[in-house]
Amino acid sequence: AQSVTQPDIHITVSEGASLELRCNYSYGATPYLFWYVQSPGQGLQLLLKYFSGDTLVQGIKGFEAEFKRSQSSFNLRKPSVHWSDAAEYFCAVGAAGTASKLTFGTGTRLQVTL
Amino acid sequence: DGGITQSPKYLFRKEGQNVTLSCEQNLNHDAMYWYRQDPGQGLRLIYYSQIVNDFQKGDIAEGYSVSREKKESFPLTVTSAQKNPTAFYLCATTGQGTDTQYFGPGTRLTVL
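Heads up: the sequence lines are chains S and X, in that order.
Those letters in the first sequence? Residues 1 to 114, by my numbering.
Those letters in the second sequence? Residues 1001 to 1112, by my numbering.
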């Protein structure tokens, strides 16, 4: 069975500091990996996705993520955080090649201090 | 204006009543999904549908029902059998060949 672990429930960073949110997955085949962001009371917005190819993927809002198969990880990074990045971030894994079910992590809430 | 519409944004019901949440899309996407979100638990899949007139149970289908009579619509009914229905409900869609789920704005259901 597929699973996703986001070990950090809550992270606080200062504006302008770098950010890394951790995501570890368990999946038996080639995974499709996603990062979504959610503002309070809103739906989820796709930040970036990895299907194949270059293991460093660029997303919107200056975010990037690196797929490391040997570590079963897909960590999200941003070099300089802005106050507007405060939100909840979800990592998800799904099957390759189909419009299939996604399994989500429990999320990491990011707080940004000024 | 293209996208996924969920209505209403906030919904209140008395315990024991069935309630139907709406999800409409004009993206011409084939697959539609319903998720439930509770604090600290991420998103859990309730039901999904890959084509009209067909749908499958997700991980937490008990106490819920769906229909898919039109490609654009995938309503979710929360029945009185659902023991703890208060939650945030999210609808998502996927287009053919995209493999990426896009989400609606969500409906917050409170059962009093």
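Incorrect hints may appear among the rest.
Stated by the list, open to error - Here are the simulated SDA-like pairs of lysine to any residue, each with C-alpha atoms no more than 25 Å apart in a straight line:
| # | chain 1 | residue 1 | chain 2 | residue 2 |
| --- | --- | --- | --- | --- |
| 1 | X | Lys1009 | S | Asp85 |
| 2 | S | Lys49 | X | Gln1017 |
| 3 | X | Lys1009 | S | Ser39 |
| 4 | X | Lys1057 | S | Ala95 |
| 5 | S | Lys101 | X | Arg1013 |
| 6 | S | Lys49 | X | Val1019 |
| 7 | X | Lys1009 | S | Ala95 |
| 8 | X | Lys1057 | S | Gln2 |
| 9 | X | Lys1009 | S | Thr106 |
Hints listed in this document are in silico derivations from the structure and should not be mistaken for laboratory results.
Each hint tested on the structure:
1. X:Lys1009 <-> S:Asp85: holds, 23 Å
2. S:Lys49 <-> X:Gln1017: violated, 40 Å
3. X:Lys1009 <-> S:Ser39: Holds. Lysine 1009 (chain X) to serine 39 (chain S) sits at ~15 Å (cutoff 25 Å).
4. X:Lys1057 <-> S:Ala95: At roughly 17 Å apart (the allowed maximum being 25 Å), alanine 95 (chain S) and lysine 1057 (chain X) satisfy the hint.
5. S:Lys101 <-> X:Arg1013: Given pair lysine 101 (chain S), arginine 1013 (chain X) is violated - Cα atoms ~29 Å apart, limit 25 Å.
6. S:Lys49 <-> X:Val1019: With Cα atoms ~35 Å apart, lysine 49 (chain S) and valine 1019 (chain X) exceed 25 Å; violated.
7. X:Lys1009 <-> S:Ala95: Violated. Lysine 1009 (chain X) to alanine 95 (chain S) sits at ~31 Å, over the 25 Å cutoff.
8. X:Lys1057 <-> S:Gln2: holds, 17 Å
9. X:Lys1009 <-> S:Thr106: holds, 23 Å
In this structure, the hints that do not hold are numbers 2, 5, 6 and 7, in rising order.
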